[in-house]
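Participant: Residue numbers (the numbering used here), protein chains in the order written: chain A, 1 to 145; chain B, 1001 to 1145; chain C, 2001 to 2145; chain D, 3001 to 3145.
Calculated from the structure, these hints are not laboratory results. There may be inaccurate statements among the hints.
List time: in silico EDC-like cross-link candidates among lysine to aspartate or glutamate, alpha-carbon distance up to 16 Å [said to hold, decoys possible]: (1) 52/A / 1145/B; (2) 1015/B / 1142/B; (3) 3052/D / 2047/C; (4) 3015/D / 3142/D; (5) 15/A / 142/A; (6) 1052/B / 145/A; (7) 1021/B / 47/A; (8) 2052/C / 3145/D; (9) 21/A / 142/A; (10) 1021/B / 46/A; (11) 1052/B / 14/A; (12) 52/A / 1142/B; (13) 1021/B / 1142/B; (14) 3021/D / 2047/C; (15) 3052/D / 2139/C; (16) 2052/C / 3104/D.
No experiment lies behind these values; they were computed from the predicted model shown.
Number of protein chains: 4
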Amino acid sequence: MDAPQDPGFRERIEKSFGRQKAMALIGARLALVEPGRVEIALPFRDELTQQKGFVHGGIIGMIADSACGYAAYTLMPASASLVTVEYKINILAPARGSLTARGEVVRPGRTLTVTRGEVYAEGGAHVASMQQTLMMLADTPDTRE
Amino acid sequence: MDAPQDPGFRERIEKSFGRQKAMALIGARLALVEPGRVEIALPFRDELTQQKGFVHGGIIGMIADSACGYAAYTLMPASASLVTVEYKINILAPARGSLTARGEVVRPGRTLTVTRGEVYAEGGAHVASMQQTLMMLADTPDTRE
Amino acid sequence: MDAPQDPGFRERIEKSFGRQKAMALIGARLALVEPGRVEIALPFRDELTQQKGFVHGGIIGMIADSACGYAAYTLMPASASLVTVEYKINILAPARGSLTARGEVVRPGRTLTVTRGEVYAEGGAHVASMQQTLMMLADTPDTRE
Amino acid sequence: MDAPQDPGFRERIEKSFGRQKAMALIGARLALVEPGRVEIALPFRDELTQQKGFVHGGIIGMIADSACGYAAYTLMPASASLVTVEYKINILAPARGSLTARGEVVRPGRTLTVTRGEVYAEGGAHVASMQQTLMMLADTPDTRE
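Isolated chain A (complex conformation) (with noise of 0.2 Å):
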């Protein structure tokens, strides 16, 4: 994997996943941070499940986007910003419990970086599987416009 251009990725990450108001909402953190590497942490809440009681499959997808997106961003400079183009996500297993999301960068790019995630519940059960494609924004703020 390469470096990281931005020495200080760690604690810029931190920051932008802390005005993720929609993590918040979930309850979802940040549970690694690495070059490249990524991982978010879901604790169990009903309010999470859909009509069978299993976590909301959108639910699956917030947490392996942003984990996956936040991998590709460990790697871009300080001045730049992201935004997702696309993902596919398949669910594997129904989400029984909390659960863990970890994006991992397959192909960082100057344009488009490509990244893989994938979500397991405690336990260990395989739940879902993503690939996704990422757009870096250069010299463009990770804040409100």
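We have chain A; now place chains B, C and D onto it with these hints.
Facilitator: Showing chains B, C and D alone in chain A's frame:
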């Protein structure tokens, strides 16, 4: 579009949606239920945003996933339930303000159904496009185990 | 749909298609070129089949990928070329006989364009649906280096 | 990885691959067949190229689709056959020269199997990443009807 096998499909879907606590958490509501076609409305709330103040891409995925899934569910027998196999979503533009997700069946099937979804912002901006695969579980209740 | 920036887009696309030796290998030809919309026809040949005698899923992907890419290319300036970033395709039914792939622009963009494609068999069966992302390379020739 | 249910899986897959005329058309051959893992080699030929002289993105998709599908097929009973439900592929770099596609099972299932594929060029460049869903057809011959 095929006619629904279950004439009570509207009530069935409203009840199922009502059991999706994750939809209540984000404040989404069913806006339209027709054979092969469902819309979900999501009023804007600041707690749905990501670090730049737009609605989080994962939240966009959540309402599109649910709209597409329920579009498929309109055509299924009352005794069946369904699971999301996978979906792919392109984020086309930053999502500002309230959103509407429209799901539509592309090809209904005995085991697998393929759907498409679009997400629009108030004012009409096209925010996202989804393509999704669902699997019907015959004779499986759509409720908690 | 936006008007084409290059009034000579039809001839430009016919020439580009003519340089795609892979299209000649499988016997595909351009059937329609309109702003934001391209069709490719693929006459049936036994050498396009998989082990069960249907047209190979990868071949279906090839013509859908090209139809979608050229649909995007109709809207680009003559000095640009483009690359496929990614695509997702659902195979909806076994592909028997000759095929037509229709590509259409969903959202044209300065850097990224999103398209959709459908593949139909003779007789009208809906064989596949694609969603694709392309990146424009400004001031880059669409020819061999 | 689960052990194969059919001890004769290698021979079964070689025969099935031999019936894929589309693989012969492009000159692809089976390079590795292990439980849950298959590689396909594609020697470079000028007739596989797109307008810029790189191997066509659809051809890359063809060999990745087949490698992933046969990876899934290694784990299935001899009486079953399988169909591609959908795949998503990111093209990571222009494909120059000969290619190898590696397919691997992520999650085998009774009905659905999820796989991943990577395509590399000679010299090691990572050319593409795929995520794919397949459906097993129980008691269905893998031959022409």
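Participant: Take the C-alpha atoms of residue 1021/B and residue 47/A, compute the straight-line distance between them, and say whether it is at most 16 Å.
Facilitator: holds, 5 Å
Participant: Is residue 2052/C within 16 Å of residue 3104/D, Cα to Cα?
Facilitator: Given pair residue 2052/C, residue 3104/D is violated - Cα atoms ~22 Å apart, limit 16 Å.
Participant: Check the hint pairing residue 52/A with residue 1142/B against an upper bound of 16 Å on the C-alpha distance.
Facilitator: Since the Cα atoms of residue 52/A and residue 1142/B sit roughly 6 Å apart, the hinted pair holds (cutoff 16 Å).
Participant: Can you confirm whether the C-alpha distance between residue 1021/B and residue 1142/B stays at or below 16 Å?
Facilitator: OK: residue 1021/B and residue 1142/B at ~14 Å, within 16 Å.
Participant: Residue 1052/B and residue 145/A were given as a pair; does the straight-line alpha-carbon distance stay at or below 16 Å?
Facilitator: Measuring from Cα to Cα gives roughly 7 Å; hence the hint holds.
Participant: Would the hint linking residue 3015/D and residue 3142/D be met if the CA-CA limit is 16 Å?
Facilitator: holds, 10 Å
Participant: Does the alpha-carbon distance linking residue 1052/B and residue 14/A stay inside the 16 Å limit?
Facilitator: holds, 14 Å
Participant: Given the proposed pairing of residue 3052/D with residue 2139/C, does the C-alpha separation stay at or below 16 Å?
Facilitator: This hinted pair holds, its Cα atoms lying about 14 Å apart.
Participant: Check whether the Cα positions of residue 15/A and residue 142/A lie no farther apart than 16 Å.
Facilitator: holds, 10 Å
Participant: Given the hint that residue 21/A pairs with residue 142/A, does the C-alpha gap stay at or below 16 Å?
Facilitator: At roughly 14 Å apart (the allowed maximum being 16 Å), residue 142/A and residue 21/A satisfy the hint.
Participant: Take the C-alpha atoms of residue 3052/D and residue 2047/C, compute the straight-line distance between them, and say whether it is at most 16 Å.
Facilitator: violated, 25 Å
Participant: Within 16 Å, alpha carbon to alpha carbon, are residue 1015/B and residue 1142/B?
Facilitator: holds, 10 Å
Violation of the numbered hints given earlier is confined to hints 3 and 16; the remaining hints are satisfied by the structure.
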